[in-house]
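Note that the protein sequences, when read in sequence, are chains F and R. Using this note's numbering, read the first sequence as starting at 1 and increasing by one per residue. Using this note's numbering, read the second sequence as starting at 1 and increasing by one per residue.
Where hints are given, some of them may not hold.
[Stated by the list, open to error] When the alpha-carbon atoms are kept at most 35 Å apart in a straight line, the in silico DSBU-like pairs for lysine-lysine are as follows:
#  : chain 1 : residue 1 : chain 2 : residue 2
1  : R       : Lys157    : F       : Lys115
2  : R       : Lys226    : R       : Lys11
3  : R       : Lys122    : F       : Lys199
4  : F       : Lys129    : R       : Lys32
5  : R       : Lys116    : F       : Lys199
6  : R       : Lys106    : F       : Lys199
7  : F       : Lys155    : R       : Lys122
8  : F       : Lys115    : R       : Lys11
9  : R       : Lys116    : R       : Lys145
10 : R       : Lys145    : R       : Lys157
11 : R       : Lys114    : R       : Lys145
12 : F       : Lys199    : R       : Lys202
13 : F       : Lys159    : R       : Lys20
14 : R       : Lys131    : R       : Lys145
15 : F       : Lys199    : R       : Lys11
16 : F       : Lys199    : R       : Lys131
17 : R       : Lys114    : R       : Lys226
18 : R       : Lys114    : F       : Lys115
19 : R       : Lys106    : F       : Lys159
20 : R       : Lys75     : R       : Lys140
21 : F       : Lys115    : R       : Lys122
22 : F       : Lys138    : F       : Lys115
23 : R       : Lys32     : R       : Lys14
24 : R       : Lys106    : F       : Lys115
25 : F       : Lys170    : R       : Lys106
26 : F       : Lys115    : R       : Lys14
27 : R       : Lys106    : F       : Lys138
28 : F       : Lys155    : R       : Lys140
29 : F       : Lys199    : R       : Lys157
Hints in this document: simulated from the structure, not taken from any laboratory. Values in this document were obtained by computation on a predicted structure and should not be read as measured data.
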Amino acid sequence: MHNTFSIHEGGACSMVIILDGSGRRILRSGASEDGAVNGSLDFDRVVLRKDARINLVYIIMPETRADVDLAVELDGEGAEALVSGIYLCRGEDRVQIDMDIRHNVPHCISRQLFKGLAGGSARVGFYGKITVAQDAQKTEAYQENHSIILSDAAKVDTKPQLEIYADDVKCSHGATVGRLDEEEQFYMRSRGIPEDEAKVLQMLSFLSPVLDNVDDPDIREEISAAVDSAVRNL
Amino acid sequence: MEMNEILLEIKGLKAGIEGKEILKGVDLTIRKGEIHAIMGPNGAGKSTLSAVLAGRENFRVTEGSVTFLGQDLLKMSPEERSWAGIFLSFQYPVEIPGVSITNFMKTAVNAHRKAKGLDALKAGDFLRLMKEKMAFVQMKPEFSKREVNVGFSGGEKKRNEIFQMAMLGPVLSILDETDSGLDVDALRIVAHGVNALHTSEKSVIVITHYQRLLDYIVPDVVHVLKDGRIVRTAGRELVAQIESDGYDSI
């Protein structure tokens, strides 16, 4: 059984979903109007009608065992889904992200961007599925998942899966798991930036494309401050 | 001639990478106010010397000593060397995606101030300083918003190096093949910047394969580095000899 959240024709909604030690909370912003949406905020399924738009940003803070399971149904032409997130993991953190994006009709766009840091002996799993139905022509579907590993014991598994049954689509996916670049660190240190601070700059710049997706400036500032201090303690 | 205070003293320096010895006993003394050129053919160890002086960790020093203003340089981290007044202009400046020049320099300048026990610069004062130093190397104001070296031309990268040098005010600047990849206009801007920053209290090491840059930054002393050793030290007239007769004549 799914908890469904629907956005009606022409409606729009932006949400930041924060998962931390104290649970799950949602900060809402953007153009959501009364009557344009309905459903539980405890959703694990989003349905977008014609020309509906959603912008979801997940922020997974340290010391969290997170299991994000989301299905997005693009059910009306012109619908657009932007789903992004960051995960900041350390110690024994376990994060599992399962995305199931379904392009059921033509002319819809979906973009996924998940980026994160894994230290300690954290485990991160990303499973991203995109399904494009046979008559969902002119679909655009993009998925990116990039992780930086901060310790030898941390582990990230990323598994994209594309099932495309239409022939006139633009789809792409990219996944990388890497480490902080030591050349960049040496360059910064040679300018007097201490090693720890150089790493913080690298981590924040790596995460910033996701934070840029938070469209409300006040919420973005609040989230950025929390992420900044969490990154310094990874 | 009266001798100025010694800034940098290298004695019997041997260093290498991955078990291969590249510097095979380098001796070099640099006094305040002097401009030294270190010339040499490819593979002589020029870049290894600059890397060792800046503290690049993958190079191993096996013998010898380096003293900077009386301190054991080889015991210092790269950031400590920067705070002490050493600046390396990279042959290949590193791109740092996502980090703006403003943020990069603010972090660097304030780290230098912290090391000196000073408070961070006020935002307004910092921006004024940036503006002044950017004009100095003819960088447009919008440069400050760009990501460090990302998508920069060769000339822009080297001007950015000299801009950073102007911001940090080092005592010893090491220019590693700063002329590589520069057209003559960029070369002039870079050389003008270096010359304008030069004082009787500061020193410069110009590492280069060619004469070109030394037409603009005129050295007091010229060294030839060959196969990991300084094989010849002379005045600036040595540059012309190398240019006409090549390194084989040395």
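- prompt: Which hints from the list above does the structure break, by number from lowest to highest?
  reply: Hints 4, 7, 8, 13, 17, 19, 20, 25, 26, 27 and 28 not satisfied by this model.
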